[in-house]
Amino acid sequence: MEESQARHPSGMGPSPAYRRRRGRWIVAGSVMAAVAVLTSLLAFGLSRNPTVVQSVLVGRTAPDFTLPGLSSGQPVRLATLRGKVVVVNFWASWCADCRVEHPDLVAAWRRFQDQGVVFLGIPFEDSTQQAEAFQRTLGGGWPQLADPNSQTAVAFGVYGVPETFIIGRNGVVAYKQVGPIPYARLSDEVTRLLGSPAT
Amino acid sequence: MDRLGTFALMLALALAVYGLVASVAGVRQGRPLLVESARTTAFSLLGVVAAANGAMLAAILTNDFSIRYVAENSSRATPTFFKVLSLWSADEGSLLLWNLILAGYIAAVAFRFRKRKPETFPWAMAVMYAVSIFYLTLVLGPTRPFATLASVPSDGRGPLPLLQNHPLMAVHPPLLYLGFIGFTVPFAFAMSALITGNLSDRWIRITRRWTLVAWIFLAAGLTLGALWSYGVLGWGGYWAWDPVENVALLPWLMATAFLHSVVIQERRGMLKVWNLSLIVGTFALTTFGTFLTRGSILSSVHAFAQSLVGPLYLAFLVVVLAGGFGMIALQAWRLRSEGRFDSPLSRESAFLGNNLLLLAMTFVVLLGTIFPLIVEALTNRQVTVGGPYFKESIVPLFLLLLFLMAVGPLLSWRRSSADQLRRRVTLPAVVGGATMAAVAGAGVRDLAAVAGFGLAAFVAAANVLELGRGVRAYARANHLRVPAAVPAAVARNRRLYGGLVAHVGVAVAIVGITASSAFARQTEVTLSPGQVVTFAGYTLRYQGQHDVRQPQRRVLIAVVEVARDGKPLGQVHPSLNQYPGASDPIGTPSIKYGVLKDFYSSVIGFSSDGTQATFRFFLNPGVMWLWVGGAVIVLGGLLAAWPGRRRTVALEPPARRRELAVVS
Amino acid sequence: MSSSGWRRGALAAALLAAGASLAVVAARGPARPTTMPEQVRAVASTLRCPVCQDLSVADSPSRLAEQFRQQIAQELEAGETPDQIRQGFVRAYGEWILLAPPRRGINLVAWVAPILLLLGGLALAWTAVRRWTSVRAPGPRAVPSRSVGDLSASDRRLLERALAAASEEPE
Numbered sequence: 000m001e002e003s004q005a006r007h008p009s010g011m012g013p014s015p016a017y018r019r020r021r022g023r024w025i026v027a028g029s030v031m032a033a034v035a036v037l038t039s040l041l042a043f044g045l046s047r048n049p050t051v052v053q054s055v056l057v058g059r060t061a062p063d064f065t066l067p068g069l070s071s072g073q074p075v076r077l078a079t080l081r082g083k084v085v086v087v088n089f090w091a092s093w094c095a096d097c098r099v100e101h102p103d104l105v106a107a108w109r110r111f112q113d114q115g116v117v118f119l120g121i122p123f124e125d126s127t128q129q130a131e132a133f134q135r136t137l138g139g140g141w142p143q144l145a146d147p148n149s150q151t152a153v154a155f156g157v158y159g160v161p162e163t164f165i166i167g168r169n170g171v172v173a174y175k176q177v178g179p180i181p182y183a184r185l186s187d188e189v190t191r192l193l194g195s196p197a198t
Numbered sequence: 000m001d002r003l004g005t006f007a008l009m010l011a012l013a014l015a016v017y018g019l020v021a022s023v024a025g026v027r028q029g030r031p032l033l034v035e036s037a038r039t040t041a042f043s044l045l046g047v048v049a050a051a052n053g054a055m056l057a058a059i060l061t062n063d064f065s066i067r068y069v070a071e072n073s074s075r076a077t078p079t080f081f082k083v084l085s086l087w088s089a090d091e092g093s094l095l096l097w098n099l100i101l102a103g104y105i106a107a108v109a110f111r112f113r114k115r116k117p118e119t120f121p122w123a124m125a126v127m128y129a130v131s132i133f134y135l136t137l138v139l140g141p142t143r144p145f146a147t148l149a150s151v152p153s154d155g156r157g158p159l160p161l162l163q164n165h166p167l168m169a170v171h172p173p174l175l176y177l178g179f180i181g182f183t184v185p186f187a188f189a190m191s192a193l194i195t196g197n198l199s200d201r202w203i204r205i206t207r208r209w210t211l212v213a214w215i216f217l218a219a220g221l222t223l224g225a226l227w228s229y230g231v232l233g234w235g236g237y238w239a240w241d242p243v244e245n246v247a248l249l250p251w252l253m254a255t256a257f258l259h260s261v262v263i264q265e266r267r268g269m270l271k272v273w274n275l276s277l278i279v280g281t282f283a284l285t286t287f288g289t290f291l292t293r294g295s296i297l298s299s300v301h302a303f304a305q306s307l308v309g310p311l312y313l314a315f316l317v318v319v320l321a322g323g324f325g326m327i328a329l330q331a332w333r334l335r336s337e338g339r340f341d342s343p344l345s346r347e348s349a350f351l352g353n354n355l356l357l358l359a360m361t362f363v364v365l366l367g368t369i370f371p372l373i374v375e376a377l378t379n380r381q382v383t384v385g386g387p388y389f390k391e392s393i394v395p396l397f398l399l400l401l402f403l404m405a406v407g408p409l410l411s412w413r414r415s416s417a418d419q420l421r422r423r424v425t426l427p428a429v430v431g432g433a434t435m436a437a438v439a440g441a442g443v444r445d446l447a448a449v450a451g452f453g454l455a456a457f458v459a460a461a462n463v464l465e466l467g468r469g470v471r472a473y474a475r476a477n478h479l480r481v482p483a484a485v486p487a488a489v490a491r492n493r494r495l496y497g498g499l500v501a502h503v504g505v506a507v508a509i510v511g512i513t514a515s516s517a518f519a520r521q522t523e524v525t526l527s528p529g530q531v532v533t534f535a536g537y538t539l540r541y542q543g544q545h546d547v548r549q550p551q552r553r554v555l556i557a558v559v560e561v562a563r564d565g566k567p568l569g570q571v572h573p574s575l576n577q578y579p580g581a582s583d584p585i586g587t588p589s590i591k592y593g594v595l596k597d598f599y600s601s602v603i604g605f606s607s608d609g610t611q612a613t614f615r616f617f618l619n620p621g622v623m624w625l626w627v628g629g630a631v632i633v634l635g636g637l638l639a640a641w642p643g644r645r646r647t648v649a650l651e652p653p654a655r656r657r658e659l660a661v662v663s
Numbered sequence: 000m001s002s003s004g005w006r007r008g009a010l011a012a013a014l015l016a017a018g019a020s021l022a023v024v025a026a027r028g029p030a031r032p033t034t035m036p037e038q039v040r041a042v043a044s045t046l047r048c049p050v051c052q053d054l055s056v057a058d059s060p061s062r063l064a065e066q067f068r069q070q071i072a073q074e075l076e077a078g079e080t081p082d083q084i085r086q087g088f089v090r091a092y093g094e095w096i097l098l099a100p101p102r103r104g105i106n107l108v109a110w111v112a113p114i115l116l117l118l119g120g121l122a123l124a125w126t127a128v129r130r131w132t133s134v135r136a137p138g139p140r141a142v143p144s145r146s147v148g149d150l151s152a153s154d155r156r157l158l159e160r161a162l163a164a165a166s167e168e169p170e
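Chains as they are written, first to last, in numbering that gives the first Met the number 0: chain A, 0 to 198; chain B, 0 to 663; chain C, 0 to 170.
Isolated chain A (complex conformation) (with noise of 0.2 Å):
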């Protein structure tokens, strides 16, 4: 092993070799700092869940649509329920969270509808009958609204179902859900907004 020089051979302070023998231990802690700052990055990578996308409407005015109902024909707009707390619920007849979370929206339907709640279902990426025979056999009652062409789900930024945005009386959404919702979020969430006042 060879071993450097402590002294420098002209005599005059610590040759270059031990400088760098000493300095070693910097460079050493220097690798150490980076190794932890790419640690800790990684590890709040691991703290995550990369799936869930953060919803950029929460806070905005939700985007106005008018709809025709999907068997009646009659169209809906979503500006003439200002003053009313509104459930818009992206679903589809082919997806099997919306299945899982279907009883919940009964539920909630059932409790809310006499409070001026309106719900509204816009089936997504769905055929006609399909969407129909789903509700039938599992049962609904409120209006289903075709977007045949999707664009009120880009608009709303939706792209998976199901997802249930609950707009306030203001017009402002308040909460968007990924996946299904359960009814205790739901029913809370609802309950708020109806005691929030119209403006």
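Since the hints were made in silico from the structure, they are not lab data.
Just so we're clear, the structure is a prediction, and the values are computed from it rather than from any experiment.
By construction, the Cβ of each residue, glycine as well, lies at the ideal position given by its N, Cα and C atoms.
Treat the hints with caution; some may be incorrect.
Facing chain B, according to a computed beta carbon distance under 7 Å, are these residues of chain A, among others [said to hold, decoys possible]: (1) R23; (2) V26; (3) A27; (4) V30; (5) V34; (6) T38; (7) L40; (8) L41; (9) F43; (10) G44; (11) L45.
For this one, chain A is given, so just place chains B and C on it according to the hints.
Only chains B and C this time, still in chain A's reference frame:
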């Protein structure tokens, strides 16, 4: 079967622990017999891990659905070929394969050094056993392939549709693993050199061929991955800058830099710390790759999501980074550069430029891959970093690298005269310049494409001429005719000629990539049976659709007749595969491959009454060149790695470094 | 030295051809999309398909991507600029719908990093080269390289043997 598998894995873990302890104890207490026993343990380890893999294979083939992995990844209806492949189609199974390949490499190293063990051997074995312990712990702990189900289902779910659509699934993952895991060997020897303080160049010379072999496997795996994306996924492209694709590319880029810079260390005694850092970095990148792929940190088409082992992978990565770079930082003071840098016009500076550019490319890809994470950590916003970012950032770097790939082989070591360079570079430059002028004159408007074609021609001409020059010089010196001289001339310096061939392969691949990026055309049409459409000079007539029912899926095939200039060219059959478990069908494209262009067709959907079909047709020029280029790169690597006779030098030329002269 | 003369001329011509080609193409500018499908593709290739991994809306075969493309076509026909269309999607989905981060704020780091890195690497390489140039070589002086043709036949053989043996891998 599961008990057998689990027992085999536990035994393997015990053997690996023994191997680690015996290696360390043997070298520290100076007991060579202990080291030898650690060496032979590698063979038992391989046997036992192979038995575990065999047990899983047997379980799959006998439809043993009591094992959760088999139930989730195989089914009775799956064809036998794909049943075998399902061994590595998901997380737990592919980790079993990973362990097998790792054990195989350890056994190969043990076999290779059965007669003469270098001083660094015991610690290298210890490091490899330690890595093996980590991966064995994974398959015995959180990612257990032999976990059983409480109630046995009657049939399994079957592999993911995407993974049983094509036989390329057979070779793409194993080749990648052979590449990734192969870098463990040079890493282990480098760590051993750092630990023992034996910092001569031996660790490089010992592991040079191993590194090259791993590099070759990885190059083949990446090429086949691109081929799979192109021929199977149906979106018309071959590389999507998916995070998992990126992390497979990263170690290959760094290993390429390493393969070049070790030549400088061997010839001139320089860049010692740099090379140690590169090999630690390469191995760390492979570890980072497993972390990203299996730690569910990013969503990706490849990622085995919902795994709970992220913290374990992260811990291992931290140990590798801190241990590897920490040791380098502590030992670097011992390593002094022995050589001088004589002239900026030399092959050394070309190699330095090569390293600089390749490292820059590695960093760009790495940054782009984890940038969304950084942004979210710092600002709680989400961004996407996709194709446009990578293309814009990498292309200029790669064009510069192409330039070096042409000029580097033309420069001499230590010092080149401008005259000499001019003599060698003129003809290739003329070829390159003429190509650029021709492409620009043909009306191409993409600046990168013009530069790409020109530089590719420049690289090909320079390297081919250099090949010829070397062979001719040998022929003249030995009074042979040129054709007869080729085998002997090449055999004398396989590494150089292999490198030249690999450069030519890169040039060919670049032509393919540039042509397909710049000149691809596509269209989307909905056709009724009998309807005709014209696209890019082709006349396409939709004949109709028919169903094929297979045990594991239902295939809806659309038949389209293709003609060009009135001449019929046959049919294409893009199809949609409907698997029972999946909600969306998986499309299979139908491609007419050609030397100059591919005609690529995929069917996106059928109307609900089945009469109309929506197609996507692509004209992809030059894609064939990409596969050929990849194959030539692999061939170049094989040529460079081919073993030659060992020779001792009868002569001691004056300006020779002492370490190279003698076979030790 | 006529042979070297024609070489100089040829090399100059080659560099000129290359430079001129690049200049002409750069001046001509990239091809602007003309037909509506091309324009839609141009916009769609800058947006990320939300339901597939890392594919652009232009490349993705999914139904949602198809709807995106139809909407883009409608908006283009209505006279919206590509930037306005992109902003519309960002309003609905968020910034991540763009396939590459906009060059603003913290995202600038990603765009600028490659150039900074290259320059930084060059600086590092330069300092390293200077350090090496000042290191004294321990052995005999470096032999300047000469071309093979200058040696006698026996010298050439000697040299080639030595070179070949040196490049053999003595494992």
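| Structure versus earlier hints, numbers of those that do not hold, lowest first | none
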